Amino acid sequence: MKLSPPQWLMRFRSVIGLVAICILAVVFSPRAFDGSIIFLDVSNLTDVLRQQAEIGIIALAMTLVIISGGIDLSVGSLLAFSASLTAMLLVKWAPGYSPAAHMAAAVGIAFAASAVLGAVNGGVISRLGIQPFIMTLATMIGIRGLTRWMTDNSNIDFGFGSDTPARFTTIFSDKILVIGLWVAAAVVFYVLLEYTVFGRYIRAVGENERAAGYTGLPIRRVKAAVYTLCGLAAGVAGVLHAARAHQGNPNDGVAYELDAIAAVVIGGTSLAGGKGSILSTVVGTLIMGILTNVLRLRLIDSNGELMIKAVIIVVAVWMQSARKDKA
Amino acid sequence: MLECKDLRKHYAGVYALKGVDFCVQPGEVHALCGENGAGKSTLAKILAGVVTPDEGTVFMDGQPIVLGHPTRARRLGIGIVFQELDLFEHLTVAENMMLGNDGPAWVRRGAMDAFCRPYLRKVGLDISPRALLGDIGIAAAQLVAIARSLSMQAKVLLLDEPTSSLTEEAAERLLALVLQLKQAGTGIAYVSHKMKEIFQIADRVTVLRDGELVSNKPAAETSIEETIRLMVGRAVDLSARIESQPRQEVAFSVRGLCSSRLKEVSFSVRRGEVLGIAGLVGSGRSSLGETLFGLHRWDKGEAACGNRKFHPRHPREAIREGFAYLPEDRRSQGLFLHTSVRHNASSAVLNRLSRAGFVMQGEERRIVADELAQTRTKAAADTLPVSALSGGNQQKVLLAKWLLPHPEVLFLDDPTRGVDVGAKADFYGIIEGLASQGKAIVMASSELLELLRCTHRIMVMNNGRVAGILDTASATQEQIMALAAGHQPAASLS
Amino acid sequence: MKSIKLIVQQLAALLAIAGLASCGKSPNSTGESPQHLVIFSQCNNAEPYRAAQNAEMKELWDAHPDVKLVIMDAQQDNSKQISQIETAIRQKPSLLIVAPNERAPLTQVMGEAMAANIPVICLERDIAEPNYTTWIRADNRAIGKMVGDYVVDRLKAKYGDVKGKIVELAGLKGVEAETNRREGANDVWKQYPGIVIATDVVADWLQSKAKDRMTEVLSALPQIDVVYGRNDPMAVGAYLAAKEKNREKEMIFVGIDGLSGESGGLEKVKDGVLAATFIYPLCVDKAVEIGDQILRDPKFVPEKVYTMPSKMVTAANVDQVLQATK
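Residue numbers (my numbering), protein chains in the order written: chain H, 14 to 340; chain D, 9 to 502; chain L, 118 to 443.
Isolated chain H (complex conformation) (with noise of 0.2 Å):
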């Protein structure tokens, strides 16, 4: 049966999104002196990018967390805790290894902590039954508590000299390196969600956890999974976060859980569970960056870019559950 062209519209609707913010973004763009389009400088796209990379790979992680009919609110705080552990391990600890092997150690033990509070996090929602909400509600408070206590309060700045602090800043603040991993990062994603075993049964348990119950999946280890993915997630965020901040902040990552889910809601996933895409979550991510980016261009006052930025979160999510509908 040929599909009437409505619907392989349907199937890139989110691409369709991303279009025209991009043509919006063009139309709108400043120009500079010379006429060129600002908004179209490689410089300012990468720079786009950079920053949206961060919580482009929480979103990630995100997405399939609320596939399964979840949701994490801990990530900024595990964001500000992976920051500051990466700092305290670079700054106050000296082990005396090789600049490479402490780099290596500290990133490894902050991607391998984050895993662990984000398996917390899995462990209760899929033994004890607690919901989502409430349990990362929780952990979002208890890890900013720890991460404060654990930095008494204080940041922990890198140095600019050419120390192994120094080097981590220059290496894992290049933008290369950044967008690579993001890109990396959603490659992952998208084959684990889509070609494993694992990612049918995310969409299965977020469609009809009772019926997944009911063909003998394995419930508790697919959701404590998912949330273990999403603390290591924002783990590589939290390490990226402290190289480009130039420290470890404790009191960073305030809301990025909201930019996150904001991120894959306006590409397409709908929170109640059971659908969604990488491909839609990335270009959420990217539409959330390009809208803010031509606002800032256009030099619009930071409350009115949340205003903004608002107000296209309601249009999005309007636009992908009408379409749903009909047809």
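Treat the hints with care, since some could be wrong.
Computed footprint of chain D on chain H; a stretch qualifies when at least three of its residues, placed anywhere within it, have a C-beta under 8 Å from a C-beta of chain D [what the hints assert, rightly or not]:
(1) 210 to 223
(2) 227 to 236
Calculated cross-link-like contacts (lysine-lysine; reagent style DSS-like; alpha-carbon spacing at most 27 Å) [what the hints assert, rightly or not]:
(3) H:Lys322 to L:Lys197
(4) H:Lys188 to L:Lys416
(5) H:Lys288 to D:Lys386
(6) H:Lys322 to H:Lys188
Label pairs and their in silico Cβ distance ranges [stated by the list, open to error]:
(7) D:Arg363 to H:Ala118: 30 to 40 Å
(8) D:Gly142 to H:Leu284: 49 to 59 Å
(9) H:Phe146 to D:Gln256: 32 to 42 Å
(10) D:Glu371 to H:Gly121: 30 to 40 Å
(11) H:Val129 to L:Gly378: 23 to 33 Å
(12) H:Ile36 to D:Arg116: 51 to 61 Å
(13) H:Gln144 to D:Arg116: 23 to 33 Å
(14) D:Arg263 to H:Ala118: 56 to 66 Å
(15) H:Val324 to L:Thr442: 34 to 44 Å
Bear in mind the hints are in silico, worked out from the structure with no lab data behind them. Only a predicted model underlies this, so the values are computations on that prediction, with no experimental measurement involved. Ideal Cβ positions, reconstructed from N, Cα and C, are used throughout, including at glycine.
Knowing the structure of chain H, use the given hints to seat chains D and L on it.
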């Protein structure tokens, strides 16, 4: 008084109705027959205001009306009881009945109960209005849906497969209720597959096939055979019996099983045998299946599959041991409606279809296509969401899903509920085929005729215990009914 | 078909919103419009000191009609300020003035601005490396010392000897002002064994946080002599906390900033809430002066650092100072 002319409706390129006329007179029962996909439910939904037709007009008492919204229909006195119920499991019976009933702004429990009780009694339900809908079972829930329509003082009642989840006794009560309503002047459109029922109560019979009106005759001028022939376009034999014989070897046995709902259940099934399970609402049939599948705990009793001890703590283990359970409600328990047919079919065997965690897509496609062909499932493409299929085909997908793990023992819970005559015949054929391959099949059903048609023996349950086991060849419907109701019949085998 | 109509409707909605969004300022220059774009990246409009900076910045640049001034607010968020400055760089402004939120995080991006050949004025707070054309600062350490000396005098007057309990309220830890104001004062107090720094709580420069922190401190300490808030709002917040517990007469409150206006430190000295405040120059007048020179004379090379003077204000001279600011 409620009439429609030349209705047309299509969904995503599929034509559900191609110019259908239909009408319901006051005090008349007008039956609407057709296979799944023929357009009966669509027609009923249009008349109830749930779906808008692409073309055509609906008239009420001679005036053309536009039913944009179910509320409009309700206000005009049109009530509908859906096949797939639109009730809420986490609300009480009374709350469900009050939904859609314009009432006072404040909720008063006492007033609600008083309002609901007479209607509940009318449909023969003896439950408290404060019971949670999710707890009373699907058959009782269907009766609640009917009670709700009655409470809205409908002048025209559209019943879409109302007895699909009811036992024979409850169905009889419903038919009596329908006749009562007819005498009181209500016009009733009765959508159903059950020929016996239709010819018991209908004044007129309309047959739809593939969205077109095929015939509209007074019941007296037609017959079951003719109706079926018109529906299906071919002759179907309903009086057959199962032919293959069971083997000697015992495939599955249960002794003294006790759980929260079951009391001392014991039975055994041989390879190649079909054991039917009969029982009224609440008899524990589904509970038995779910418990054996590993969904509920059991504290006492033993089971064996083949010659291995069988006591799964999780459905995964049951599947591994070769036991498969087809749940009663395919929408909420069996299928993932928005997921494709292919992914649904493979959902229970993904671990076998994968290497290093990656799904072998090619193999999956092949295996699923084979199984779907075996079960004669009709789907335009197996990448379509399973919700796009008719009820009968959905059920076939469910069956295919549970055949793929190659189980030795299959427990089918009401496998032909909401399935049309043509597909039912397919199912019976498949079940017999499985039996002749040596599988052991346990089939729970509310339709006694079906049990008599398909099984070698029938185990009757009552209140969580086994009331008796009858040999199908010599069993009568009365015997089964008696055991199910808790009486001791004249002759029985255990 | 319905669905296509719906898509068109929704795209139209999107366009409408984008149209609204385009009602922002566009920094293009054509004909009559300004020829110089000056971007000021402010770290946090919410602080009164910074609001005063913004006001003076606007007032002074208004005098130059060929200059277009844009102020960005990073709302005390490092990441936001970094990305705002990145965007600013894309605008290719004639001058970039930055009041950095914290030292380390902002260093790299200001270096990027310099590398893009944009003159950068670092305002008041500093960064980890000298990635700026010039830094206009006040001497926080000297101010801290003034505070230290003043407190020593007051304690001597109270007890006949230099001893007493001091509660300090700190601003954001990563900021130079915070460090120097603390050390300037502490250097003085270190010499007197009788002085005890009872506690040093963090209130992020904000009055509300200071009030909360002070409430806890008051419960913990039965006797306090001096409250040193490293900016006026924090000192005032502490005063309000003490007033709630009827202990405000027990101690003196000292702050820094000395802004004019209703809620400024000067008024608080006049009202008797603050025993003393120390004027912390906004640094804006110098910034505009140097900035303007940079715009007019491409060959002008400013000094690397300019230091602005401060002044102590107590009940004795507050009226005089207020007169001067009018």
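Now for the hints, and whether the structure bears them out:
no.	hint	in the structure
1	210 to 223	holds (count 9)
2	227 to 236	holds (count 5)
3	H:Lys322 to L:Lys197	holds, 15 Å
4	H:Lys188 to L:Lys416	violated, 34 Å
5	H:Lys288 to D:Lys386	holds, 25 Å
6	H:Lys322 to H:Lys188	holds, 25 Å
7	D:Arg363 to H:Ala118: 30 to 40 Å	holds, 34 Å
8	D:Gly142 to H:Leu284: 49 to 59 Å	violated, 24 Å
9	H:Phe146 to D:Gln256: 32 to 42 Å	violated, 57 Å
10	D:Glu371 to H:Gly121: 30 to 40 Å	holds, 37 Å
11	H:Val129 to L:Gly378: 23 to 33 Å	violated, 51 Å
12	H:Ile36 to D:Arg116: 51 to 61 Å	holds, 58 Å
13	H:Gln144 to D:Arg116: 23 to 33 Å	holds, 31 Å
14	D:Arg263 to H:Ala118: 56 to 66 Å	holds, 60 Å
15	H:Val324 to L:Thr442: 34 to 44 Å	holds, 43 Å
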